Amino acid sequence: MGGRKPRLPIPEEELLAPGHRACAGCGSALCVRLCLKALGKNTIVVTSTGCIEVTTTPYPETAWKVPWIHVAFENAAAVASGVERALKALGKDDVTVAVFAGDGGTVDIGFQALSGMVERGHNVVYICYDNEAYMNTGVQRSGATPPYAATTTTPAGKVWRGEMRPKKDVPRIMVDHGVPYVATACVSFPQDLIKKVKKAKKVDGPAYVHVLCPCPPGWGYDSSETIEIGELAVETGMWVLYEVEDGEFRLTYRPKERKPVEEYLKRQKRFQHLTEDEIEEIQRMVDEQWEELEKLAEK
Amino acid sequence: MSESEVRVINGNYAAAEAVRLVDVDVIAAYPITPQTPVVEYLSEFIANGELDAEFIHVESEHSAISAVIGASATGVRVFTATASQGLALMHEVLFIASGMRLPIVMAVANRALSAPINIWCDHSDAMAQRDACWIQLYCESNQEILDTIIQAYRIAEHEDVLLPVMVCFDGFTLSHTLEPVEIPPKEKVQEFVGEFEPTHCRLDPEEPMTLGPVGGPDCYMEFKKMQDEAMKEAERVIGEVNREFADEFGRSYGNGLVEEYNTEDADYIVIAMGSVCGTVKHVIDEERPDVGLIRVKSYRPFPGEQIAEIIQDREGVVTIDRAHSYGAMPPLWTDVKAHAPDVEISSTIAGLGGRDIRPEDVLKAIEVAEKGKGTDEPVWINVNA
Ligand SMILES: Cc1ncc(C[n+]2csc(CCOP(=O)(O)OP(=O)(O)O)c2C)c(N)n1
Ligand SMILES: [Mg+2]
Numbered sequence: 001m002g003g004r005k006p007r008l009p010i011p012e013e014e015l016l017a018p019g020h021r022a023c024a025g026c027g028s029a030l031c032v033r034l035c036l037k038a039l040g041k042n043t044i045v046v047t048s049t050g051c052i053e054v055t056t057t058p059y060p061e062t063a064w065k066v067p068w069i070h071v072a073f074e075n076a077a078a079v080a081s082g083v084e085r086a087l088k089a090l091g092k093d094d095v096t097v098a099v100f101a102g103d104g105g106t107v108d109i110g111f112q113a114l115s116g117m118v119e120r121g122h123n124v125v126y127i128c129y130d131n132e133a134y135m136n137t138g139v140q141r142s143g144a145t146p147p148y149a150a151t152t153t154t155p156a157g158k159v160w161r162g163e164m165r166p167k168k169d170v171p172r173i174m175v176d177h178g179v180p181y182v183a184t185a186c187v188s189f190p191q192d193l194i195k196k197v198k199k200a201k202k203v204d205g206p207a208y209v210h211v212l213c214p215c216p217p218g219w220g221y222d223s224s225e226t227i228e229i230g231e232l233a234v235e236t237g238m239w240v241l242y243e244v245e246d247g248e249f250r251l252t253y254r255p256k257e258r259k260p261v262e263e264y265l266k267r268q269k270r271f272q273h274l275t276e277d278e279i280e281e282i283q284r285m286v287d288e289q290w291e292e293l294e295k296l297a298e299k
Numbered sequence: 001m002s003e004s005e006v007r008v009i010n011g012n013y014a015a016a017e018a019v020r021l022v023d024v025d026v027i028a029a030y031p032i033t034p035q036t037p038v039v040e041y042l043s044e045f046i047a048n049g050e051l052d053a054e055f056i057h058v059e060s061e062h063s064a065i066s067a068v069i070g071a072s073a074t075g076v077r078v079f080t081a082t083a084s085q086g087l088a089l090m091h092e093v094l095f096i097a098s099g100m101r102l103p104i105v106m107a108v109a110n111r112a113l114s115a116p117i118n119i120w121c122d123h124s125d126a127m128a129q130r131d132a133c134w135i136q137l138y139c140e141s142n143q144e145i146l147d148t149i150i151q152a153y154r155i156a157e158h159e160d161v162l163l164p165v166m167v168c169f170d171g172f173t174l175s176h177t178l179e180p181v182e183i184p185p186k187e188k189v190q191e192f193v194g195e196f197e198p199t200h201c202r203l204d205p206e207e208p209m210t211l212g213p214v215g216g217p218d219c220y221m222e223f224k225k226m227q228d229e230a231m232k233e234a235e236r237v238i239g240e241v242n243r244e245f246a247d248e249f250g251r252s253y254g255n256g257l258v259e260e261y262n263t264e265d266a267d268y269i270v271i272a273m274g275s276v277c278g279t280v281k282h283v284i285d286e287e288r289p290d291v292g293l294i295r296v297k298s299y300r301p302f303p304g305e306q307i308a309e310i311i312q313d314r315e316g317v318v319t320i321d322r323a324h325s326y327g328a329m330p331p332l333w334t335d336v337k338a339h340a341p342d343v344e345i346s347s348t349i350a351g352l353g354g355r356d357i358r359p360e361d362v363l364k365a366i367e368v369a370e371k372g373k374g375t376d377e378p379v380w381i382n383v384n385a
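Chains as they are written, first to last, in the working numbering: chain A, 1 to 299; chain B, 1 to 385.
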């Protein structure tokens, strides 16, 4: 153990059964599995259309050991609002309502419903499993696709260099909505993720947890490398782990020494086309973002 | 038990009042003319403690229908209301509500669809949702709105049906027009609708269920066939509920599916839906005793066989549609014709976007049937060339 902090034990009970049809090494399925451990049995789950919904519920089978509902792509937050109010009408105040929605179902098409849900203050744990594209339909860009990533709708060519817009910062938008608990996480840091989901569950009101979930086929790396890729995202500062409790920002993990972004980018096919200049530009963007976060953390 | 009370109210109030009497648990709705007052009345009821329900102030109709799906699946009675663009915005989710077999009740204050934007009545909004597998019931009076919403919960929740119900009433003509309405005592309505006991669909950690899964080519058609069978069952159940309602409250609407007016010895038959039927009845009473009316109350399920039987051996038959299927024949005509291919049926289109359908317009429609016109192309009534 040599001076290391004792780790938070991961609850053993599995609420996502094996045998679902997600790819080997699916970061999103791992995210759901870990989050369910934190949420516990007494939870009702709403899922948006996307990889998780499609791979876990091929009728008549299901991987869900908790009550689960899927309605459409863009309305998970609205469905969850209805579930939560129905529980209130029934006087059941001990049941947690949780959403698992992809980045597309959250930052793009589902954004209005999410904004409405948190503005109304529903007591829902909203978890965005972010694999940075529309994976279920075959890797098309979303508002959460990072700059320069090649997807099937932002291919890298002579004119286009992959995605050309910054990643939409929905956690920050959630903070600006006054959401009492907002956190980012990554499946490669399971203790941190579980701790945050447990906190989110305790909040009386909406909580938003945005989880980076590497995707072997979508990002282009071997399915055995999911955890490593996620670690690199965090160690390079491409993905930052933090939480905002009642508006108070806190970095929950600070890499001892940030690794160059190249180490992260070079490992994935979606960034294979990058020139040295482009990698440098990404490094600059990450450095700037990190500086800003440091300032925030000092406040 | 307290007594019924007659009050002079508009159609929107009648809808809200029915929801109060049924004592719905969760309401999610978004305002749109001419439905807006329903949302406001319900808000007032809740604000004043006259209705103990959760009201979700959703940010769109898409979220309204989504939220009531979530609530209904959790095991409570729900209500929503909309019209026109709002109903169109719900389109995608309507199919999911029926596919999940949730007994949702929705009021629709019928209004034209844009463009050009138009807030007045026609049936284009509901007709565009014809194939969403929702039961569609059309009302002729404010009393009927109140009575039909109460009945709708019984129909939707019936174990042989389990389908959502749209209760449609004409925007402004009913929604904003005052009529005397008999309001039954709440206890009596409560007794009539009974407790809601969800069976097949319930989100409960005690007994986890997976709702809304993926259904591939191996099972999708079976699910859809079951929905169609439920629609057929609904035809019977609507009739039963109509009769039972008559026993309890002393009012009925034809056989619940169609209402016949002066059809027995009529040479000509007009087939129509909604508030225009009052005008048709007036024309029959005042000027045309040789004409009868079939008022289609249930458009889905469509009582086609009954209608086909009634229209046999007449001098002429004409439909009045308040909607159109552009480049084809209008919806009501098409449905009737499908069940009576051997009967010559004339088609008219009237009252789009709130154009008045006056007694003289009804006479024009009858004239179309007399002349045997409009059988292969609809005749537009009261439209400038
Ligand atoms: C209204 C609507 N538009 C488009 C689609 C097609 N569609 C299904 S899933 C999906 C992408 C899902 O992306 P995301 O939310 O990121 O989840 P992921 O599949 O990546 O897990 C799309 C575009 C749909 N089902 N509904
Ligand atoms: Mg995605």
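It should be emphasised that the hints constitute simulated quantities derived from the structure, not laboratory data. Note that the structure is predicted; figures quoted are calculated from it, not measured. A hint or two may mislead.
Distance windows between CB atoms, simulated [claimed, not checked]: (1) A:Asp93 with B:Asn48: 53 to 61 Å; (2) A:Glu288 with B:Lys225: 57 to 65 Å; (3) B:Glu240 with A:Asp176: 50 to 58 Å.
Just so you know, even glycine gets a beta-carbon here, dropped at the ideal spot from N, CA and C.
Checked hints:
1. A:Asp93 with B:Asn48: 53 to 61 Å: violated, 25 Å
2. A:Glu288 with B:Lys225: 57 to 65 Å: Because 59 Å falls inside the window, the suggested range holds.
3. B:Glu240 with A:Asp176: 50 to 58 Å: holds, 54 Å
When the structure is compared with the earlier hints, a violation turns up for hint 1 alone.
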